[in-house]
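Chemist: Letter by letter, the chains look like this.
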Amino acid sequence: MRFLAFGVALLVVLTGCNDDNSQLSGGAGGTGGSGGAGGSASASHCRNYNANRQPFFGDLHVHTKYSLDANTQGTIVTPHDAYRFAQGERLGIQPYNEAGEPLRFAQIARPLDFAAVTDHAELFGETEICTNPDYPEYNLPECQFYRSQPENSFVFFNLVAVGLPELPQFPVPPGTPIVSDAPVIGSTGSIPRLPYCGINGERCLEAAKTPWRDHQLAAASFNDESDNCGFTTFVGYEYTLAPASNNLHRNVIFRSAVVPELPPATQEYPRPELLWAALTEQCKSEDGCDYLTIPHNSNLSAGLMFETKDRFGDDYTAEFAQSRQKNEPLAEIMQAKGQSECLGTTGASAADELCNFEILPYNNLTGDRFNGLNTGPPMEGDFLRSALKEGLVQEQKLGVNPFKYGFIGSSDTHIGAPGDVMETANFPGHGGAGASSSGEGLTDVIEGNPGGLAVLWAEENTRDSLFAAMRRREAYGTSGTRPIVRFFGGWNLPLTQCASADFAADGYVNGVPMGGDLPARPSSAGAPRFAVSALRDPGAAGDPAEPLQRIQIIKGWVEGGTKMEKVYDVATASNNNPAVNLATCETSGSGAASLCTVWQDPDFDPAESAFYYARVVENPGCRWSWKQCLAGGITEQKCADDPGSVPEGFAGCCSAFPKTIQERAWTSPIWYKPAGSS
Amino acid sequence: MDFTDLVQACRKLVTIAPALRSPLLHFIVLGGGLYLGVGMWSGERALDDRSVRVEAHDIARLRADWIRDTAREPSAAELQASLSRHIDDEVLLQEAIRLGLDRRDPVVRDRLLRNMQFAFPESRHDDAQRLAEAHALGMVTRDLVVRRRLIQVMEQRLEVGIETTDAELRDYVARHAERYALPARRAFQHIFLSKDTHSGVSADAETLLARLKAEAQSPVERLGDSFLMGREFPLTSGEGIERIFGARFAEEVMAGPERDWFGPVASPYGLHLVRITSSEAAQAPDFETVRIRAAYALRHERAAQVRRQMLAELRSEYVIELPDSPTGMQP
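As they're listed, the protein sequences go chains A and B. Here this note's numbering is used: the first residue of the first sequence is 1, the next is one more, and so on. Here this note's numbering is used: the first residue of the second sequence is 1, the next is one more, and so on.
These are computed hints drawn from the structure, not numbers from a lab. The beta-carbon is built from N, C-alpha and C at its ideal position, and this holds for glycine as well. Honestly, I wouldn't trust all of these hints.
Straight line, CA to CA, 25 Å or less: simulated SDA-like cross-link-like pairs of lysine to any residue [to be verified]:
#: 1; chain 1: A; residue 1: Lys638; chain 2: B; residue 2: Ala71
#: 2; chain 1: A; residue 1: Lys627; chain 2: B; residue 2: Asp69
#: 3; chain 1: B; residue 1: Lys195; chain 2: A; residue 2: Asp502
#: 4; chain 1: B; residue 1: Lys195; chain 2: A; residue 2: Ala579
#: 5; chain 1: A; residue 1: Lys659; chain 2: A; residue 2: Thr587
#: 6; chain 1: B; residue 1: Lys195; chain 2: A; residue 2: Ala541
#: 7; chain 1: B; residue 1: Lys195; chain 2: A; residue 2: Ser588
#: 8; chain 1: B; residue 1: Lys195; chain 2: A; residue 2: Ala520
#: 9; chain 1: A; residue 1: Lys627; chain 2: B; residue 2: Arg72
#: 10; chain 1: A; residue 1: Lys566; chain 2: A; residue 2: Thr266
#: 11; chain 1: A; residue 1: Lys555; chain 2: A; residue 2: Pro329
#: 12; chain 1: B; residue 1: Lys195; chain 2: A; residue 2: Pro544
#: 13; chain 1: A; residue 1: Lys627; chain 2: B; residue 2: Gly246
#: 14; chain 1: A; residue 1: Lys638; chain 2: A; residue 2: Cys654
#: 15; chain 1: B; residue 1: Lys213; chain 2: A; residue 2: Ala501
#: 16; chain 1: A; residue 1: Lys397; chain 2: A; residue 2: Glu380
#: 17; chain 1: B; residue 1: Lys195; chain 2: A; residue 2: Thr597
#: 18; chain 1: A; residue 1: Lys627; chain 2: B; residue 2: Lys213
#: 19; chain 1: A; residue 1: Lys326; chain 2: A; residue 2: Thr266
#: 20; chain 1: A; residue 1: Lys397; chain 2: A; residue 2: Ser500
#: 21; chain 1: B; residue 1: Lys195; chain 2: A; residue 2: Lys566
Partial selection, computed: residues in chain B whose CB lies under 8 Å from chain A [stated by the list, open to error]:
#: 22; residue: Ala174
#: 23; residue: Arg175
#: 24; residue: Ser226
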């Protein structure tokens, strides 16, 4: 008993004394940032650290077998498999043959830099052996420790699960709960593998077996903390609030390995503000924990995502708005269930023809399952451009902008295949709410798409550096491709910035990057300038991408209380003439390999709050659905001449649904606040 | 002892403790006995009842599922395999119920309660009553979420005795070099000529290259066009270079000569003249650095094998009953 208790004490001391996770991991090389919140200059850096920041591509919305209820096709992919896939390894997916071997395979041509598996927290449950008094282990020291120090027990259980290297002895500080009267043992100063986990560690392993723990284990398995910094994982989950199937889901992303014992979920916290309060309570920065939430699919929230009332039906207060802004710096502008930028069918954005892009024909998660019951046409207020404008209105009223969102994309894959987001014929379907993997037909509902990517401008590929980028919104989302986009705003950006030796350095020195706030306007300044530069996605074998067509800057502002928007074309590829051959999917049109411009707002009024974001649009190519139609032998000719012969699974091929797509990127906005406003 | 003795014993008992005569006490004892007795009998399988019954309609459903997923009929071997997996699931489910997990697991409880709330929104019963009703309705074996949860929880319980030795870890790391090894890296400078702004970009590139080779001190910073990602790259892997410049450029740079300017090398953006400033060869994985990650990953892989083994053992303790009419299927 005392031997056991000593071991527990050792771990208490270890976890208590060391806030540097790399030491606890037993030998991981020094990296940038596991100690401090901002990547201090004294921490050692990754091999390819870049003080001017570089783009990292990732997926922050991934479901595996632990998302039980979304898992209608028998996905057996685990978080471990999902992270392997993200790093470029091949993954077998359903269906399976008689020997249990997968009949389909998926693999991405270009690995991701980071990923987060985010299964639904509502189904995680808790570990039973230490919380159920019927179990004999309930009273063992490690279970007492677990119940009294839940925030340390993850580290404890997982170190033990794989065995510790020889450790030096540590004196036990007086007053340590449970075990402070245990003697120090051993004269060699070494501790063998701790025995109270059972002969083969099965007791501790059992405690480690809940889905939440498996998430953490998988994230720890694949987070590269050496100075190679090859890949970063984030522990995360999805908070699945959906009243009457109106989507209010949020993904919760944690910065480090220190996370709550059980992630707060909708059963106990049925409104976002309750979720944030719970996370604030359970994820404290002084313990090394930090989080942010990312709402997704506002396009499917039937008016709820950006309503300006709290759960009691009262208007937002400044405090409420502040909480929302602080906890949610980013929103998903693109994923498998459509885009949430702007609605192209009605309202102010109907004038922007590029808004007619990957729009779902319904306004919540019911979709077309019940013949139009419980759903309706999409609503403009659910889209981010409209929400950003409303945010300016709220800011004028309350002094704080509750809807100050940067943009990212992700996939929302339900088959554990993060980053499989290019428009190819081998898109396996995102699973979950999509179609099943049948042999004859499209692999997903036609209005679905492979999803998008999150791109973060950060100094290096570490959790701290990437998370800091998310916090300051230096991020952009893409619809699946990988163009590289920079966006800066300022009062004195040099008009020749595009020809400068270092575009980015000029931007940082003279202004703010995407996601930032324009500095206070000097009285002598005219209109703000915005510098935007984009390199096309170079593509890869199996991942062809189109050249750039144009860059636009979208401005939203409030004029005398009225919400306004305007789209400016600021850079266009010349002599382009883009075209797509629908019989072969060959594309033509030179497009531009890169575009760059410095633009000054010609309609600027210093008295009006505003935001500006850049949208970089590629030349058109075939959409995934049309590529699958062609691969299945369905052509335009066949649809016209012999529609009866088209199998039901390919019925969408002959519909009016778009056959081509113009992939794009959306930068996080830069905000302007008039001087003297509250 | 005979009936008379029994009556006498009863009389003695009753005279010893007059309280024992109380009808209320009898009522409580009898009622309690009935309550316990009913509790033990109704809806609960006896603790040693380990059997799985497969019906003809189960096999028909498995066939239909296969057709839905693959658009063709399953072969005899495929259908057998489907049945085998179905039986595995049923064994795990029955074992979970036998161990009482259906009553204790918080996810199952929550799901059953939500189902009951949805189906009977006006019910005024408390949680315990609703759960009993849910069990009586057979929801535990029929609700998809509950089934998957119980099967998953049981699967996890089967993962015991997974060990990884140092030797095995070293071997695992060596076999997964592509995951753990350090890639070759190159640092380089480049001068960029954009194809969008040079009409004769090839000629311009050749001219510039000749000049660079001739003049030792060319002001490199002022030559060529601006490139968004800069002119200098620190030690970067081939994959990192490919991300920005495409595959062809990355290949040429990783294979190019060191120190001298070479090119022109093509990228989707135009042509580049390149000078490698330093190189690093690929390195075998550093075991200590990747040890914990490899241990987690290997353990995860082993867990799958162990699970299969333990499941086979568990299954051997079950009686599998197939449909009465011959189907050609084996348990």
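Chemist: Hint by hint, say whether it matches the structure.
Modeler: Against the structure, the hints come out as follows:
1. A:Lys638 with B:Ala71: Satisfied, since the Cα-Cα distance of roughly 22 Å is no more than 25 Å.
2. A:Lys627 with B:Asp69: holds, 21 Å
3. B:Lys195 with A:Asp502: With a Cα-Cα distance of about 20 Å, the restraint between Lys195 (chain B) and Asp502 (chain A) holds, given a limit of 25 Å.
4. B:Lys195 with A:Ala579: holds, 21 Å
5. A:Lys659 with A:Thr587: holds, 13 Å
6. B:Lys195 with A:Ala541: It holds: about 22 Å lies between the C-alpha atoms, which stays within 25 Å.
7. B:Lys195 with A:Ser588: holds, 17 Å
8. B:Lys195 with A:Ala520: violated, 39 Å
9. A:Lys627 with B:Arg72: Since the Cα atoms of Lys627 (chain A) and Arg72 (chain B) sit roughly 23 Å apart, the hinted pair holds (cutoff 25 Å).
10. A:Lys566 with A:Thr266: Given pair Lys566 (chain A), Thr266 (chain A) is violated - Cα atoms ~38 Å apart, limit 25 Å.
11. A:Lys555 with A:Pro329: holds, 19 Å
12. B:Lys195 with A:Pro544: holds, 19 Å
13. A:Lys627 with B:Gly246: The given pair, whose Cα atoms are some 24 Å apart, holds under the 25 Å limit.
14. A:Lys638 with A:Cys654: holds, 9 Å
15. B:Lys213 with A:Ala501: Given pair Lys213 (chain B), Ala501 (chain A) holds - Cα atoms ~22 Å apart, limit 25 Å.
16. A:Lys397 with A:Glu380: holds, 22 Å
17. B:Lys195 with A:Thr597: Holds, at about 17 Å.
18. A:Lys627 with B:Lys213: Not OK: Lys627 (chain A) and Lys213 (chain B) at ~48 Å, beyond 25 Å, violated.
19. A:Lys326 with A:Thr266: holds, 20 Å
20. A:Lys397 with A:Ser500: Not OK: Lys397 (chain A) and Ser500 (chain A) at ~41 Å, beyond 25 Å, violated.
21. B:Lys195 with A:Lys566: violated, 32 Å
22. Ala174: violated, 17 Å
23. Arg175: violated, 13 Å
24. Ser226: Constraint on Ser226 (chain B) satisfied, holds at 6 Å.
Consistency note: the structure conflicts with the earlier hints numbered 8, 10, 18, 20, 21, 22, 23.
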